[in-house]
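Residue numbers (this note's numbering), protein chains in the order written: chain A, 2 to 327; chain B, 2 to 502.
Simulated from the structure, these hints should not be mistaken for laboratory data. Hints are supplied without guarantee of correctness; some may be wrong.
Looking from chain B toward chain A, a few residues come up when the C-beta cut is under 8 Å (computed) [unchecked claim]:
id : residue
1  : ALA329
2  : ILE332
3  : LEU345
4  : GLY347
5  : LEU348
6  : ILE349
7  : GLN352
8  : LEU363
9  : GLN364
10 : MET372
11 : LEU373
Every value quoted in this text rests on a predicted model; they were computed, and no experiment measured them. Note that CB positions come from ideal geometry on N, CA and C, so glycine has one too.
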Amino acid sequence: MTSLAVTYTKSLKRFQSVIALLVLCIVLGLLTDKFFTTANGLNVLRQVAVNACIATGMTLIVLTAGIDLSVGSVLALCGAITAGLLKNGLQFASLDLYVGFTIAGAIIAGVIVGGLLGLFNGFTITSFKVPPFVATLAMLTIARGFTMLYTAGHPISNLGDQFAYIGTGSLSGIPVPVWIAAAVVLLAVFITQKTKLGRYIYAIGGNETAAKLSGIRINRVKLIVYSMGAAFAAIGGIIVTSRLDSAQPNAGISYELDAIAAVVIGGTSLSGGKGSVWGTVIGAVIIGVLNNGLVLLNVSPFWQQVVKGAVILLAVIIDKAGEKNE
Amino acid sequence: MLAAKNISKKFSGVIALANINLELHPGKVNAIIGENGAGKSTLMKIFSGVHTQYEGEIIYNNQLVKFSNTKEAEQAGIAIIHQELNLVPYLSVAENIFLGREITNAFGILDRKQMNERTKHLLSRLNLNVNPDTRIAELKVGQQQLVEIARALYSNASVIIMDEPTSAISDKEVDNLFTIINQLKSEGKTIVYISHKLKELFTIADRFVVLRDGSTIDSGDMHTISHDQLIHKMTGRKLTIERTGITLTVAEELLAVKNISLRHPVLRETKILDTISFTLHKGEILGLYGLMGAGRTELMETIFGLHPKNASGEICVSKIVRRIQSPADAIDAGIALVPEDRKLQGLILNQSVKSNISITVLQKLQQWGLMLSSRKEKKLIDHFINKLSIKTSSGNNAAENLSGGNQQKIVLAKWLATNPKILLLDEPTRGVDIGAKAEIYKLMKSLATEGMGIIMVSSELPEILAVSDRVLVMCEGELTANIPIEKTTESEILKYAIHKN
Numbered sequence: 002m003t004s005l006a007v008t009y010t011k012s013l014k015r016f017q018s019v020i021a022l023l024v025l026c027i028v029l030g031l032l033t034d035k036f037f038t039t040a041n042g043l044n045v046l047r048q049v050a051v052n053a054c055i056a057t058g059m060t061l062i063v064l065t066a067g068i069d070l071s072v073g074s075v076l077a078l079c080g081a082i083t084a085g086l087l088k089n090g091l092q093f094a095s096l097d098l099y100v101g102f103t104i105a106g107a108i109i110a111g112v113i114v115g116g117l118l119g120l121f122n123g124f125t126i127t128s129f130k131v132p133p134f135v136a137t138l139a140m141l142t143i144a145r146g147f148t149m150l151y152t153a154g155h156p157i158s159n160l161g162d163q164f165a166y167i168g169t170g171s172l173s174g175i176p177v178p179v180w181i182a183a184a185v186v187l188l189a190v191f192i193t194q195k196t197k198l199g200r201y202i203y204a205i206g207g208n209e210t211a212a213k214l215s216g217i218r219i220n221r222v223k224l225i226v227y228s229m230g231a232a233f234a235a236i237g238g239i240i241v242t243s244r245l246d247s248a249q250p251n252a253g254i255s256y257e258l259d260a261i262a263a264v265v266i267g268g269t270s271l272s273g274g275k276g277s278v279w280g281t282v283i284g285a286v287i288i289g290v291l292n293n294g295l296v297l298l299n300v301s302p303f304w305q306q307v308v309k310g311a312v313i314l315l316a317v318i319i320d321k322a323g324e325k326n327e
Numbered sequence: 002m003l004a005a006k007n008i009s010k011k012f013s014g015v016i017a018l019a020n021i022n023l024e025l026h027p028g029k030v031n032a033i034i035g036e037n038g039a040g041k042s043t044l045m046k047i048f049s050g051v052h053t054q055y056e057g058e059i060i061y062n063n064q065l066v067k068f069s070n071t072k073e074a075e076q077a078g079i080a081i082i083h084q085e086l087n088l089v090p091y092l093s094v095a096e097n098i099f100l101g102r103e104i105t106n107a108f109g110i111l112d113r114k115q116m117n118e119r120t121k122h123l124l125s126r127l128n129l130n131v132n133p134d135t136r137i138a139e140l141k142v143g144q145q146q147l148v149e150i151a152r153a154l155y156s157n158a159s160v161i162i163m164d165e166p167t168s169a170i171s172d173k174e175v176d177n178l179f180t181i182i183n184q185l186k187s188e189g190k191t192i193v194y195i196s197h198k199l200k201e202l203f204t205i206a207d208r209f210v211v212l213r214d215g216s217t218i219d220s221g222d223m224h225t226i227s228h229d230q231l232i233h234k235m236t237g238r239k240l241t242i243e244r245t246g247i248t249l250t251v252a253e254e255l256l257a258v259k260n261i262s263l264r265h266p267v268l269r270e271t272k273i274l275d276t277i278s279f280t281l282h283k284g285e286i287l288g289l290y291g292l293m294g295a296g297r298t299e300l301m302e303t304i305f306g307l308h309p310k311n312a313s314g315e316i317c318v319s320k321i322v323r324r325i326q327s328p329a330d331a332i333d334a335g336i337a338l339v340p341e342d343r344k345l346q347g348l349i350l351n352q353s354v355k356s357n358i359s360i361t362v363l364q365k366l367q368q369w370g371l372m373l374s375s376r377k378e379k380k381l382i383d384h385f386i387n388k389l390s391i392k393t394s395s396g397n398n399a400a401e402n403l404s405g406g407n408q409q410k411i412v413l414a415k416w417l418a419t420n421p422k423i424l425l426l427d428e429p430t431r432g433v434d435i436g437a438k439a440e441i442y443k444l445m446k447s448l449a450t451e452g453m454g455i456i457m458v459s460s461e462l463p464e465i466l467a468v469s470d471r472v473l474v475m476c477e478g479e480l481t482a483n484i485p486i487e488k489t490t491e492s493e494i495l496k497y498a499i500h501k502n
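If we strip away everything but chain B, and leave its shape as in the complex, we get:
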């Protein structure tokens, strides 16, 4: 059995975990449930030896353990299968499974034959029928996941942690995965299962642990708790957003997307986006929903000019056709994009809050057409720090020192500075705490009231329902629904997201 006793963890002063206590049972599927930022992945990283600095104890098979790296955790029998799979795409299945623990003969030469044999054996246990020599890049995501599981099985793992294993695979692959999980369970392995999909958890999980704001809220047998009770425990407080009715009928058209398609850059036949058309009006918030891989982010990127070579179709801003071939063109047309991953795409982490915000509008901050005016810049920065209540000691503080919510506000600020007519938000509240979330919703509402058109991509249905005026649903690159929010329900949206017409 694997247990955590009073585990606490801080990241440069910010508490990520506070006195976590939980037990994970062998021969069971243990679901770890919680919102983004609840501390799930931090805890898993402690179990798997990624984070080595923490307070408290980990008890494994009745012994106190402290792993100083991932290798030690793996040797002890704890394997983690990350959401972003850790495989080398251009090596074969067998090479990946034996990576770092290759079988060699007496002369130190790789024993390919034996590794392939063993790989075959492992794969057959998982009902995966692929040649051990196949390169990982040629496999589907679901198959790659099974290769990761095979890796864990080869290392004789007794605890297998799966982080959002179904986020990118098809229903059929999910069924197969569940069969395998049940099989592993019957072999006495401890399965730790992290997922946001509650429905799925009721199918597969035996036990649950709810985390919220870095603490354990509750745990117990899955069949003793209901769907609604779980949600209540996860969120703790209900987030209420006042819906303000907007008269859309008279509002003028801001953005019209006509027959946008996007080809896959390598597989030319595959369409990532397939003839998508919709309009966005002044003062309107469009929610864009779809499962992972539906093409939501790609749609935003295409509108923002990031795929000039592979995209086709027409974009009209305020009824004028615009040729948008780059982000710079998009900004000129009055479009702004708050990207999905703020650390990789939104911010320059080691640079100051000031430089991060002003980067989009340096043109306007020049004097004598040549040099930047620090006075104008300071005015701009102070304005946005106040307006969005960004918590920072000063504008000179590096962006990396701020919390997720405040970092997101910096990204919002840099785009609001451009005075856009159309604001594209890709998962604007991902990894943001609940307080900042509410502030972001409020800001969106007030921007819409001022006449901005907003498209918000989100994976969270409650968020879509609470914030948007109209919802667009995508499935496998196609737009499957475009409905006013008051006429739809959570389950209807999901239906459109799962099935193509």
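Here chain A stands alone, though its shape is the one from the complex:
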């Protein structure tokens, strides 16, 4: 191959998920009239926002060659805590004390709880050498159990119009969840591309031994990364709760799968060290567009699942094929 062709295929590979997204959009645009409308576009973005938040955190974790299966449960628990604090506050009957929460206070508390759950994941992974898959699988169950305990199995609803603005409102014509997701994404892009922490994340995923020998405090980086991943999931949980005006005990079930799918479709390697947050964003949008398109085309929900699975497989196969040619 000439060097020009090599450069060409390399840049092609780099943008293959963007190209796939464009092709998908064009095909859907040709098949339905409704796809290319502003309303539908904003709708897709609004739906993508939650997964984008979770998947962005997941990307940071996967880049260190880890994984977090607990994000769906963490999302539910943190959403429920935010809703609960907002509605009922904290009551300490024995002390005859009641602490009320503003919207901001409740949100911050929810995100902090998320961060702590992630910190616990990181703690079991680094201190007891529990494989991330197992540690976060355990957290998946634990956090879901606490959600059930906290909500007693019932939704916490009627949280007020102001809180509902987070999930349903718009700012400058763009849905608020999209702004939030954008902020999360930009923060993660900044971290991965411009900071020491970002370099460390890639280094650990690329070669943990070499990273350790380079003086990187591996455990510290992992604690930060798992905390961030769970905090981002908590933010997703607050958006979901606000949009439904209700914290559902069953919220977020199997959300980890969509998040991992977005990461993988976006070209991040599950073995770590390779990939990007931008790729994940494209991956999340591809999944969102696909969901939306299949609904617009009246495809049965059963078939939708089959198609989504096939797309994930295809994305990874194309990615691997590209690697072999190099």
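Using the hints provided, position chain B relative to the given structure of chain A.
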């Protein structure tokens, strides 16, 4: 007979083998001799079906053969016993020997009894008295090696390639291995023997082939050539390093290691390092010599804080006691370690030269305490690419695209960037070509002149003699000698390396 005709092999443009021609004779021990990177293992990988893309022909029993995988080579009767043994530690001896070719009964159930019987028979041929049910992990390295040979015998191999078979076994085990090699030889097997230990080759080998820089230099009967002639053919050119005298008497102490011991992480009674003490002065290069398993690497790792749980003893840097519990602590104390295996421990191969070098000093490359300054980083990278003359198209090139010597320079650069007082080098010239080797020696000398203290672990005695000011010798976890270089000889160092006092 196994022969190579005009074999050439390139790895992404780099020539590994150039027109290799050689013949390996049945009923003989054929020694393949050459320095690191001469092409020995590449050639063996072609013979054993690991590398399938090459130019030229392999003639085996008067037929042209081309193996498309290792299984085909094995079926044809070519077995290779790698330096890192290919056994599954938690399976039994018998299970390992029959791995991938298990004997089953009519229902497809494993026939343990028959496999154990046959294993017993094979092991008795090799004078190895162990139960076929013993797990490999419980055997000594020498015994594991015999199990590998048993595997080869079971597959009815007529060519047995042994890659550095004595690198990790005791003298007694070597004697036993040689008896078995002689026995195999008398059965008409072709033995291909790769080793750096020339003395050993004169004992066991019948024929020799010398490889250098991927070409065959010479071949013939072992008794027609002398030790010195062989060395000359291997190296081709003599490497001369100018020795610069350093006045050590006035130099201040940089590092003092006091009574360092290291316990085995599992076998708590075993000591990997046993009360080791020495000092390193400003501007001094200490050579650290020992055979494989002597504990050299472990000593470097312990000083660098990699064994906080099992190590004991005291480390003083510039006369101040330092608590070194992690590499980060070691770096803070001014210590740097260039590890033994640059691909596994030194580099992040798929990442850029730039990221690899700056990883140790990102703290210093920050601006506003928050984000990395690409300007500062570029300055640092350009400085080291120039200083060490790293051959790369740019700092953004992935480390894996560079040659061994240039990769080693990246690892050196990332450590020099930390401005260490003490530089630990573990086999710094392994797998590095001769040109880069000379550059690394020169760099070490100039760093020492600037006042750095250097400890260099090496398995190559000539290298130790040429570069160090003082030599430390280790044997089985103990420090057996600490002598100024001008007062010692190659054979004296070896003596200390082989025998404990």
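We went through each hint and held it up to the structure:
no., hint, in the structure
1, ALA329, "holds, 4 Å"
2, ILE332, "holds, 4 Å"
3, LEU345, "holds, 6 Å"
4, GLY347, "holds, 6 Å"
5, LEU348, "holds, 6 Å"
6, ILE349, "holds, 4 Å"
7, GLN352, "holds, 5 Å"
8, LEU363, "holds, 4 Å"
9, GLN364, "holds, 7 Å"
10, MET372, "holds, 4 Å"
11, LEU373, "holds, 6 Å"
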